[in-house]
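Enquirer: Here are the chains, one letter per residue:
Protein chains: 4
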Amino acid sequence: MRQLSVGVVGCGYWGPNLIRNFYENERVDLKYVCDLVPEKLAKLERRYPTVKTTVNYQDLLSDPELDAIVIATPVRTHFRLAQQALSANKHVLVEKPMCGSSAECAQLVALADERGLTLMVDHTFAYHGAVRTIKGAIERGELGEILYFDSVRINLGLFQSDVNVIWDLAPHDLSIMDYLLGQTPKTVHATGSCHAGNGIEDIAYITLNFDNNLIAHFNVSWLSPVKVRQMLIGGTKKMIAYDDLTPMEKIRIYDKGISISEPQNVDSSYVNSVSYRIGDMYSPVYDLTEALKVEVSHFVDCVLNGQKPITDGRSGLRIVRIMEAANLSLKTGQPQEIPTDGVASPIANQSFAPLETRSK
Amino acid sequence: MRQLSVGVVGCGYWGPNLIRNFYENERVDLKYVCDLVPEKLAKLERRYPTVKTTVNYQDLLSDPELDAIVIATPVRTHFRLAQQALSANKHVLVEKPMCGSSAECAQLVALADERGLTLMVDHTFAYHGAVRTIKGAIERGELGEILYFDSVRINLGLFQSDVNVIWDLAPHDLSIMDYLLGQTPKTVHATGSCHAGNGIEDIAYITLNFDNNLIAHFNVSWLSPVKVRQMLIGGTKKMIAYDDLTPMEKIRIYDKGISISEPQNVDSSYVNSVSYRIGDMYSPVYDLTEALKVEVSHFVDCVLNGQKPITDGRSGLRIVRIMEAANLSLKTGQPQEIPTDGVASPIANQSFAPLETRSK
Amino acid sequence: MRQLSVGVVGCGYWGPNLIRNFYENERVDLKYVCDLVPEKLAKLERRYPTVKTTVNYQDLLSDPELDAIVIATPVRTHFRLAQQALSANKHVLVEKPMCGSSAECAQLVALADERGLTLMVDHTFAYHGAVRTIKGAIERGELGEILYFDSVRINLGLFQSDVNVIWDLAPHDLSIMDYLLGQTPKTVHATGSCHAGNGIEDIAYITLNFDNNLIAHFNVSWLSPVKVRQMLIGGTKKMIAYDDLTPMEKIRIYDKGISISEPQNVDSSYVNSVSYRIGDMYSPVYDLTEALKVEVSHFVDCVLNGQKPITDGRSGLRIVRIMEAANLSLKTGQPQEIPTDGVASPIANQSFAPLETRSK
Amino acid sequence: MRQLSVGVVGCGYWGPNLIRNFYENERVDLKYVCDLVPEKLAKLERRYPTVKTTVNYQDLLSDPELDAIVIATPVRTHFRLAQQALSANKHVLVEKPMCGSSAECAQLVALADERGLTLMVDHTFAYHGAVRTIKGAIERGELGEILYFDSVRINLGLFQSDVNVIWDLAPHDLSIMDYLLGQTPKTVHATGSCHAGNGIEDIAYITLNFDNNLIAHFNVSWLSPVKVRQMLIGGTKKMIAYDDLTPMEKIRIYDKGISISEPQNVDSSYVNSVSYRIGDMYSPVYDLTEALKVEVSHFVDCVLNGQKPITDGRSGLRIVRIMEAANLSLKTGQPQEIPTDGVASPIANQSFAPLETRSK
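Quick note, the sequences are listed as chains D, S, U and P, same order.
For reference, each letter of the first sequence is one residue, going 1 to 360 in the numbering used here.
For reference, each letter of the second sequence is one residue, going 1001 to 1360 in the numbering used here.
For reference, each letter of the third sequence is one residue, going 2001 to 2360 in the numbering used here.
For reference, each letter of the fourth sequence is one residue, going 3001 to 3360 in the numbering used here.
In isolation and in its complexed conformation, chain D is listed as follows:
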């Protein structure tokens, strides 16, 4: 089997994780690592002596043997670098958030479609064993109809100087929601506050409203003394609590739910009556493989087999649209509609088996 020839651009905070995982994937030949800062390249050279390092992105674009480019640079450069890569007929994996605007995302989607190239966004959590296990429970209908999605991702800092806490943290949770629910929200309300006097919000709360009374809420903060990564997903049949930081039983599936009886004449007004059910909890085991390893393998599959990525450009576009609208709501104090069109339809239930595929 031939190896996929890959170059990575951007060796900052996340880049080295991508580099390590592409380096260790046996179906990949990691050919280039590119960054503007020579010191960062020197460090990587010592670690990966067989990989070429360059400060010149053009080296990657102009190498006809290179199949794919992985972009892990600051957000404001994503569009330009990805556009160049696609135009040079390279498959692309781009760090989240996909771009700084939904217009840019849409352009990249169109360009990749036109050229028949793989365009994938690094929404890593969609490849986490716990999230995939939750996806399985939802797909099997274990939860019944989904009633709400509630997410908390808070900690003490890294304060960013160019983007607010929504752009920094919310893509994780929005992409998990997008993957798990496969539904598109209609409106967004966002509130928040900036305490540094620089106009960059460090705390934000986002509410998404869907059809059918489904509600999603996201709490993101750089100002919490405790680190929390928790989700609650409530259905009519079962409810899930997912705590990414607990050492054991990250996923807990509760046999709890509500049932709504027929309207009754109560106190001379017709109301529905709600009853709830409390049963056992179970905590499933799940695949402990590093999420990024699964993702890299899935990217290789998609490029080699022409498969559509779980977290394709359209999912990146959907997430950026929500964040744009959320930021507009934050500035105006008004709820905002989230645009939808045929381009970025949500994922249907898909049989995702990147690990199995890998072993072929």
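It should be emphasised that the hints constitute simulated quantities derived from the structure, not laboratory data.
Everything numeric in this text was worked out from a predicted model, so none of it was measured.
All residues carry an ideal CB built from backbone N, CA and C; glycine is no exception.
Some hints here could point you the wrong way.
Reference listing, derived: stretches of chain D covered by chain S, where coverage requires no fewer than 3 residues with Cβ under 8 Å from a Cβ of chain S [unchecked claim]:
no., region
1, 189-195
2, 204-216
3, 222-234
4, 324-336
When the alpha-carbon atoms are kept at most 20 Å apart in a straight line, the in silico PhoX-like pairs for lysine-lysine are as follows [to be verified]:
no., chain 1, residue 1, chain 2, residue 2
5, D, 308, D, 135
6, P, 3135, P, 3237
7, S, 1293, U, 2043
8, D, 43, P, 3293
With chain D held as given, fit chains S, U and P onto it using these hints.
Expert: The following block gives chains S, U and P in isolation, referenced to the frame of chain D:
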């Protein structure tokens, strides 16, 4: 010392706790228990054979020896019962929320002022040892300037058929915030959802904005598989995490905070730079006395000594104003201003020592 | 249905809980409360005005209408008071530990047998919903063969001045083990230490060895800064973790276990090979009724229907025998055999349904 | 500054961690990696292309430029490999447990002394930031006199086929204790059980008795469904709980303790009276540097500066003596004395500053 003669009306969910605590207070003579349901009274008779039971509220109003009436009936009856009690020259302790509307609250406040009677609202948490200890830390300036207040109170519900989850759960957290911060919010945004088809929200998120970028957020739900009662209070110097359900270390005070340096010319734009500090955590011990016992003792002090209650009618009014505006925001989808006037000014830092006073 | 006439002797730490539960049981007429300290009686009179109080135990013994006596006095008085009660033809419920010596326990068992009276020991935990649910899982064979039982009960203690930490805390855990496993240990090793210079151990570790390599271990301490009540019960098929202090999921049943393959010739020595299995965890719901309420109801059933108590005198004897041997091991530094005979055979699997029985 | 030339032998479970840390230390030239299995070497070659790999240990011994050898092979080979290395004038860092017998340990200590070589044992936890922080609290006298040390290290195991759970897990906890307390136990009791029919205990409990009523207890198991790494250290003034698996606040220092008053005549017998004190808890921050990185740097310091290692050969000998005696106790059922002599005196309080030293 003479005993305070007290009657309690309402023997539903919370009433029996009030009855027990008034019964056990040595400065109180619990004279009456009143309810419309004779079976409930029969049960209490067996337990407290020395107390008179009656289905007729008039018995309490017309007894010239009775000093005070405690109202623990459904919210919609609070105004009428409290108005009658004050008009009959009885001091009043009323269950939360104080009334179903802020107009009613204001009327009661005026009536109590006019008659020189004690009007207190049963915001129990203000008397909880943990909350009082947090209050002490804030008053001493340990936290510096308060940046945010974040509260979560969720569980698998008792679904109410007449009020939504805001009226049911939020008074607890709003009254804790009111007591701890002593500041009045300017605007409120609320979002939420109803899943029972009866128009009564079972999940709600409330954001309050204050001056000085202080932000408060409240998550209340009847639909969570896990029971959570958590608060985060962030200051420039220290931050507090308060978990009411953990068996140990409910209060954790983190020596963590942020400092904002002078604006600097960074990348040719002037921005403030934020740094943060991570130090030790400490968890103070606190008074474990039952909150309701402390509150009952404080009510007795207030009546006997003409002291102003911590949770007086004005605090009840402030809480109801916030909830009214929150519900309006929920219905309209628009942020709402919260009315303020001279009547309900927030509490200043006050030297609260109900336990010490009791021992006189 | 006629009521059981009951007297309680001893109003110290635990007595009031027994008094409250007997008072509230509708099949009981709580006739007497007895204590040597008149002030304690005065307090209870105010609370339970219909109950006779007395400092004279003889009043209970000589009342021909009294059916049963509940003994909640210091351990050293249990034997004498129970012997007098049984001799006066009263059924007896006695606080744990049953007596200060196994010889005394055996005498009481023989006396109760002779007279056909109910003799029950207040091993409260055997009536706790969580423990009964674990018992169910073990009886159904869910755990397979039991491999070990490990218990930790530590806190910053009430130091006793007359008994050591084994006599104070271990009866809880030994009685849970006795109830759950239904097996009798052969030998005991105990170690410990005394830090107060009074010869009374405040930390102790007890190991019990059974047939079939079953091992049980108990860690009891008055000197721990954290309060812990945890048990692990390991079987070949499943394993249980029981944490009595966690607010949720006190019982966790792990689908984990080991299997031992046939001996193999490894490195020229014959050894068995061990493999282990890691599967899901589930946490069952259980009856939340107060354990003492269930126990009191069970006692009433036993007296009225001549039923054999779950925690009969023989179980009390078994627990005291283990503690006697453990203390001897502690003093001598040597392992001790635990005497067994026909008198105190362990409980077989019995269909325990005190709650169901109660509703008849 | 000249670099230390180092070779590592053994590339199994732990070896790769040592290799990575020696490779990344700038004062080290990692020259050799040695293992009997060529496949393991091949894997490492790809990762560290500049390092020589060999299946022949003699290559390391005979290289006159090589300064030090790191031994991470199975325990039974430690003695022979370390003896050869010291005889070839190489400094040695050997994996724990140091050797399979105390006699072998003593021989290595003598040999290293004779040759003036550094002999250090890889008791990694002594270099963990949390453990060093606890050491600091003890050295400053914060805890007062130490009363007890209690350790739990349990999980669902890697069952070993050649050594029991004591040899596998207890060295971690014994070395932490040895480092923290600096005292030598007098006697050991051990109990345990084997469930695999191969004579290898999978559960064991060890009690150590010291002078002055200090007691230490160790619970080690391969058969627990939950993974636990917890320690309690109690002093007369303060007490510490250390949980290595909790994501936050691993170290909690409780202002709790006991005080023993003068003997008093209570109930006509003279007893000491114990009172206890409950105050705040604090959780200090600590150095998060990887323990093995600190240890490797300390080893380099010791070799280059002739400094005595924190975890020198004598500490290795002390740990093995305790384990030998514990295993004898396990087999005989009798408590065993632990030999002491001038060779292996416990560490006195030493000013340990490996990180500071490193920056020279």
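Enquirer: How does the coverage statement for the region 204-216 of chain D fare against chain S, requiring three or more residues with Cβ below 8 Å from a Cβ of that chain?
Expert: Three-residue rule met by the region 204-216 of chain D, so holds; n is 6.
Enquirer: Are three or more residues of the region 222-234 of chain D within 8 Å, CB to CB, of chain S?
Expert: holds (count 6)
Enquirer: Please work out if residue 308 of chain D and residue 135 of chain D have their alpha carbons no farther apart than 20 Å.
Expert: 18 Å, holds
Enquirer: Could you grab the alpha-carbon distance between residue 43 of chain D and residue 3293 of chain P and see if it respects the 20 Å cut-off?
Expert: The given pair, whose Cα atoms are some 18 Å apart, holds under the 20 Å limit.
Enquirer: Against chain S, does the region 324-336 of chain D show at least 3 residues with beta-carbon separation below 8 Å?
Expert: holds (count 3)
Enquirer: With a cut-off of 8 Å between beta carbons, are at least three residues of the region 189-195 of chain D near chain S?
Expert: holds (count 6)
Enquirer: With the threshold set at 20 Å, check whether the alpha-carbon distance from residue 3135 of chain P to residue 3237 of chain P stays at or below it.
Expert: It holds: about 15 Å lies between the C-alpha atoms, which stays within 20 Å.
Enquirer: With the threshold set at 20 Å, check whether the alpha-carbon distance from residue 1293 of chain S to residue 2043 of chain U stays at or below it.
Expert: Given pair residue 1293 of chain S, residue 2043 of chain U holds - Cα atoms ~18 Å apart, limit 20 Å.
Violation of the numbered hints given earlier is absent; every hint is satisfied by the structure.
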